[in-house]
Amino acid sequence: MALDRWFRRKKPNRKDDDKSPSGLWIKCDSCENQVYRKDIIANLHLCPDCNHHYRMPVDDRMEMLIDEDSFEQWSGTIGPVDPLGFVDLKTYPERIKAAQDSHKYPDAILTGAGLLDNQRVAIAIMDFSFNGGSMGSVVGEEIARAAERAAEEERAFITVAASGGARMQEGALSLMQMAKTTMSLAALASKRLPFISILTDPTSGGTTASFATLGDIIVAEPKALIAFAGPRVIEQTIKQELPEGFQRSEFLLNNGMLDDVINRKELKQKISKYINLLLANRTTIKVKHVPAI
Amino acid sequence: MSLQFEKPIDDLEDKIVDMRKYAEEQGMDLYEEIGLLEKRLKRLKKESFENLTRWQRVHVARAAGRPTGLDYIDKIFTNFNELHGDRALGEDPALISGIAEFNDQSVMVLAQQKGRDTKENIHRNFGMMHPSGYRKAIRMFALADKFKLPVITLVDTIGAYPGIAAEERGQALVIAESIQRMSELTVPAITVVIGEGGSGGALAIAVANKVLILENSIYSVISPESCAAILWRDAAEAEKAAEALKLTAKDLLELDIVDRIIEEPLGGAHKDPQAAIDSVAKAIKEELIELNKLDQAELLQQRYERFRKLGKFQEMA
Numbered sequence: 001m002a003l004d005r006w007f008r009r010k011k012p013n014r015k016d017d018d019k020s021p022s023g024l025w026i027k028c029d030s031c032e033n034q035v036y037r038k039d040i041i042a043n044l045h046l047c048p049d050c051n052h053h054y055r056m057p058v059d060d061r062m063e064m065l066i067d068e069d070s071f072e073q074w075s076g077t078i079g080p081v082d083p084l085g086f087v088d089l090k091t092y093p094e095r096i097k098a099a100q101d102s103h104k105y106p107d108a109i110l111t112g113a114g115l116l117d118n119q120r121v122a123i124a125i126m127d128f129s130f131n132g133g134s135m136g137s138v139v140g141e142e143i144a145r146a147a148e149r150a151a152e153e154e155r156a157f158i159t160v161a162a163s164g165g166a167r168m169q170e171g172a173l174s175l176m177q178m179a180k181t182t183m184s185l186a187a188l189a190s191k192r193l194p195f196i197s198i199l200t201d202p203t204s205g206g207t208t209a210s211f212a213t214l215g216d217i218i219v220a221e222p223k224a225l226i227a228f229a230g231p232r233v234i235e236q237t238i239k240q241e242l243p244e245g246f247q248r249s250e251f252l253l254n255n256g257m258l259d260d261v262i263n264r265k266e267l268k269q270k271i272s273k274y275i276n277l278l279l280a281n282r283t284t285i286k287v288k289h290v291p292a293i
Numbered sequence: 001m002s003l004q005f006e007k008p009i010d011d012l013e014d015k016i017v018d019m020r021k022y023a024e025e026q027g028m029d030l031y032e033e034i035g036l037l038e039k040r041l042k043r044l045k046k047e048s049f050e051n052l053t054r055w056q057r058v059h060v061a062r063a064a065g066r067p068t069g070l071d072y073i074d075k076i077f078t079n080f081n082e083l084h085g086d087r088a089l090g091e092d093p094a095l096i097s098g099i100a101e102f103n104d105q106s107v108m109v110l111a112q113q114k115g116r117d118t119k120e121n122i123h124r125n126f127g128m129m130h131p132s133g134y135r136k137a138i139r140m141f142a143l144a145d146k147f148k149l150p151v152i153t154l155v156d157t158i159g160a161y162p163g164i165a166a167e168e169r170g171q172a173l174v175i176a177e178s179i180q181r182m183s184e185l186t187v188p189a190i191t192v193v194i195g196e197g198g199s200g201g202a203l204a205i206a207v208a209n210k211v212l213i214l215e216n217s218i219y220s221v222i223s224p225e226s227c228a229a230i231l232w233r234d235a236a237e238a239e240k241a242a243e244a245l246k247l248t249a250k251d252l253l254e255l256d257i258v259d260r261i262i263e264e265p266l267g268g269a270h271k272d273p274q275a276a277i278d279s280v281a282k283a284i285k286e287e288l289i290e291l292n293k294l295d296q297a298e299l300l301q302q303r304y305e306r307f308r309k310l311g312k313f314q315e316m317a
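If you read the protein sequences in the order shown, they are chains A and B.
For the first sequence, this note's numbering gives the first residue as 1, with consecutive numbering after it.
For the second sequence, this note's numbering gives the first residue as 1, with consecutive numbering after it.
Since the hints were made in silico from the structure, they are not lab data.
Treat the hints with care, since some could be wrong.
With a straight-line cut-off of 25 Å between C-alpha atoms, the simulated DSS-like cross-links for lysine-lysine are [claimed, not checked]: (1) LYS282/B to LYS75/B; (2) LYS42/B to LYS7/B; (3) LYS240/B to LYS97/A; (4) LYS104/A to LYS312/B.
Given only the sequences and the hints, what does the whole structure look like? Please build it.
Here it is as structure tokens:
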């Protein structure tokens, strides 16, 4: 579900889905200080005053996590079609074209291989600014291909989720991407390769209810909205206001749904440690095969 | 209570009943006249149901009197023993699960259960499962795997329950885990969408080797009402959303999302529940006989390939 619309209505003055700072000077969403835009971008899209985590463009995210000059792009060879002839207030092809015209990649995903602190990894990064990061056939296929290829090439697999959920305009085909992406993780598990899932603001719906919450380790950035049903849906269902901090990273951590909440500046180092520790015994300890009774 | 488009059908049915009564009372022979009306009724039913809009089909899928999970369990399976609880958080009455006999084989049955009246609907939470329900499903999949019981799931939910407690207890995580656990089954798995297949809440118990759907059932990424609220900004536009979402059995067969459509009796399953139940039993039996021929590795492979190929995209120049 493209939850971005609900968030948008809450902040009617915001022009863009993308919460990346725009304009020369901006008022920080969190501390409300006047901050120089370039300072935020240069600071990994964090507010220099209060460390508020802004949404991060996919290329910047890749550069932050992957060692310099080591990235090999896998995604981008396939693009969306309009399997249902879907029309709401606009046609689906119009929505796709508008998104593609303002983005570098053909859909809401970037995948590829690279080194993370010299460890071989594959990575899939979702783009919330492209149609709410919604998961349709292309996003699902790219994630499945990346997971399968990571297993084949013996790489750890990392996903960075940022998604409103399944892409409604592809109907039940989008729903099936939840099964497809989930099933593609089996190849990694059978080779005992780690799958680290990073949840960022916002992650909800079909993305949260599939591969993104099946990581061997699941972490989130601070204060990210992470939900199955979005806050507006729940408010409409129960007819009351939701408590402060509901469905934010810290709330999930307290409820036992996350391994940790990690500041963006420490994210690469943490992921590196996880992979290193998880893989250390993989080749040295002999797996004892217990015969079936 | 009848659906709006059923009014002419119901009127004609009433007329036939009246005529029969009149003929009996007056001792008149109206055999021929009644016969003609019955033919007309059959034609009217056929034409109406062939030409239902998608939105009308949504109403049939949700119609009062349409057989529910328990109706199928009672009539199709013998020696059914319900198994309750997720052994952690509680018992979710929106999902009924248990072991039973079917066609000389022990099987595991899971069924989402909507209520057949208001009281039962409240007890069953209108068929909307909580995390404990999905945890129960995962437990049943494991049990089925261990004792090599084929798994049969009956899907009928508008979606997983959206609420504070459900979020606190990881609704999204348990749905993901249920999808994963079902995909790993080393036994045959068959799903029948008997009413409404609503989003991830339905998919969580629908990762089967064969996914069947009743003729007037629907299966969708989102309910037409919620889709309309988001894309049209008005839930009242659900009719348009239902058209756009292509959520009928016929649509889904064309997209390979379902493998087989099970025919309903003329006028819909709610008009003749026993006939619908018999058709479902026959279809499950036929599919299970075929799946029983596959070994564990073949079952896993077939299920993987079935879902792996779903999706439509183009190569970029």
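Verification of the supplied hints:
1. Straight-line distance between C-alpha atoms of LYS282/B and LYS75/B comes to about 12 Å, which keeps the hinted pair within the 25 Å bound.
2. The hinted pair formed by LYS42/B and LYS7/B meets the criterion: a straight-line CA distance of about 14 Å does not exceed 25 Å.
3. For the hint linking LYS240/B to LYS97/A, the alpha-carbon distance of about 23 Å falls within 25 Å, and the restraint holds.
4. With a C-alpha separation of about 21 Å, the suggested pairing of LYS104/A with LYS312/B holds against the 25 Å cut-off.
Against the hints set out earlier in the document, no violation occurs for any number.
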